[in-house]
Amino acid sequence: MIRAIVSRLLMYLFLLFVVLISLFPVYFVVITSFKTDQEVIESTYRLPQRISFENYDAAWHVGRFKYYIPNTVIITVCTLAVVLSLSSASGFVLAKLKLPFEKAIFVFFLAGFTVPFFGYMVSLFYFLKDLHLINRRLGVILTFGALYLPFGIFLMRSFFRSIPEEMLDAARMDGCSVLQTLVRIIIPLATPAILTLIVVQSLWSWNDLIVPLIILHEEKLRPISVGLTFLQSKYQQNYPLTAAGTTLSAIPIIVIYLIFQKQVIRGIMQGSIK
Amino acid sequence: MVYPLINTIILSFFRWNGFAPIKKFLGFANYYAVVTDPRIWNALLRNAIWSVLSVFPVILGLILAVLIFQKKLIGRTAFRVVFFLPHMLSLAIVGVIWKWIYQPDWGTLNTFLSGIGIEPVGWLGNPSTVLVALVTVGSWTYYGFCMVIFLSGLQQIPVDFYESAVIDGANAYHCFFYITIPQLRNQLTMLIMLTVIWSFKVFDLVFIMTRGGPYGTSEVIGFLIYVKAFQQQNIGYSTAASTFLFIIVVTGSVFFLKYRERTD
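Heads up: the protein sequence lines correspond to chains A and B, in order. Numbers 1 to 274, taken from my numbering, label the letters of the first sequence in order. Numbers 1001 to 1264, taken from my numbering, label the letters of the second sequence in order.
There could be a bad hint or two in this list.
Unchecked claim - Derived pair list, reagent style DSS-like, types lysine-lysine, alpha-carbon separation capped at 25 angstroms: (1) A:Lys234 x A:Lys220; (2) B:Lys1258 x B:Lys1201; (3) A:Lys262 x B:Lys1072; (4) B:Lys1071 x A:Lys262; (5) B:Lys1258 x A:Lys103; (6) A:Lys220 x A:Lys129; (7) B:Lys1201 x A:Lys129; (8) A:Lys66 x A:Lys234.
Said to hold, decoys possible - Label-pair restraints from in silico Cβ distances: (9) B:Ser1152 x A:Val77: 28 to 34 angstroms; (10) A:Ser52 x B:Phe1161: 53 to 59 angstroms; (11) B:Met1193 x A:Ala170: 38 to 44 angstroms; (12) B:Lys1258 x A:Met1: 48 to 54 angstroms.
Simulated from the structure, these hints should not be mistaken for laboratory data. The C-beta atom is built at its ideal place from N, Cα and C for all residues, glycine as well.
Sequences are here, hints too, so could you generate the full structure?
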């Protein structure tokens, strides 16, 4: 009996220890973001004495988050629009219509999953340069679109395949065109799959570093991920400023994660082949 | 996708600085330069070490999954949400925070260590600790991911397996090693494959935390390709290294899948 209690206690202690490890860095950066320089040195790990948003103000203006955040939002939203429209259309076609070379087309899309980005990063850069897409957000959006499309098609195709053929036949008999079937019947049914896609792709484009790093060289065009990296090397001694910037970049991710926990976890598991 | 990939291979046969109109054809000279360059092999070795050390978060993920899969545990969902949280944060954020934790003078780790009487270490500035320090950060973002993968596997194990094992007199350890582990083999193979693939794609953490330093002792292959192409304008070398990496990753995956098929 005592052994059972002790082992349960040890188990909870172990779990709490991992909780501490998982949360401490987040706690640390959030409290630092509210402190003054003085407080950081004197009471590094204690809660701030008062809540002031001065550091956030500084991060917004001095730290250039007034550019980074809108840029990230623009890039994320446009990427989503591209991926969502193209992947539901091609996922539908691949799942429901009879096409020649259907299998080959699908395998071709899937190949996009497996090729490592570093395998073609350099020539992608010169390809975009020839198209005058370097130093433009559109370049990042199109690159993300190309990179994330395979996963989108994969997800949407497997969803469309799960819709029973009879339902579509019934719609056809009632006089729906292909487009009408798509808009009236399939898209409403597809909401869970689309939600997974939206959540996962927003996270990917929000967090990606290397693509905007090589494409966008002007500070005003950079998204958060790149901006944050340079913020830290530029203001090495100003910990509260960097902490505020870091917290600002993390808030949307954490909020989305807490609200859409199930979709996020499922989507990330499905997308992990990336 | 296809055009850049083919162009990578084409560019790898030339000497080019990225903007001059003339490209000089070199044949396999870039490949020769890559294969004989110790920097490449050292970088690849670091990627390999990275993937070996990443076994620890996989094991931790397995332990956490088994623990929070117990029905009678209080706060299962809360534990799951918290453990997965580090995987959600972007590596830029993670890198910034952990750079402070490793900070030599007042960083959390050294403060903690000096509290228990250990000399402070310059974790990221010391060639002998930098790689382990980076992998630790990578692992911090990885165990939660491994945990949810294992949890999805655990849900598929029929309960009767355990019930009949208990009737036959098996204890918790028998159940774990003779039922849980074999039943999770799909998840295990998937994670091993992902760990290796991801370890060879590492870039963000190195770029943010050390820029390959000190003295190039944390250079990994992705970072090297980036530096050669965008800072030293040596396009031929960089694309040859890319093609080389591509061949390694693809061969690795193919061999792995073949091996899987044979053992199944």
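A quick look at each hint next to the structure:
1. A:Lys234 x A:Lys220: Roughly 16 angstroms between the alpha carbons, so the hint for A:Lys234 and A:Lys220 holds.
2. B:Lys1258 x B:Lys1201: 22 angstroms, holds
3. A:Lys262 x B:Lys1072: 21 angstroms, holds
4. B:Lys1071 x A:Lys262: 19 angstroms, holds
5. B:Lys1258 x A:Lys103: Measuring from Cα to Cα gives roughly 21 angstroms; hence the hint holds.
6. A:Lys220 x A:Lys129: Given that 25 angstroms is the threshold and the Cα spacing comes to 19 angstroms, the pair holds.
7. B:Lys1201 x A:Lys129: Since the Cα atoms of B:Lys1201 and A:Lys129 sit roughly 24 angstroms apart, the hinted pair holds (cutoff 25 angstroms).
8. A:Lys66 x A:Lys234: With a Cα-Cα distance of about 17 angstroms, the restraint between A:Lys66 and A:Lys234 holds, given a limit of 25 angstroms.
9. B:Ser1152 x A:Val77: 28 to 34 angstroms: The hint (28 to 34 angstroms, Cβ to Cβ) holds, given that B:Ser1152 and A:Val77 are roughly 30 angstroms apart.
10. A:Ser52 x B:Phe1161: 53 to 59 angstroms: Holds, at about 57 angstroms.
11. B:Met1193 x A:Ala170: 38 to 44 angstroms: Check passed, 43 angstroms falls within 38 to 44 angstroms.
12. B:Lys1258 x A:Met1: 48 to 54 angstroms: Since B:Lys1258 and A:Met1 have Cβ atoms about 52 angstroms apart, the given range 48 to 54 angstroms holds.
The structure fails none of the hints (numbered hints given earlier).
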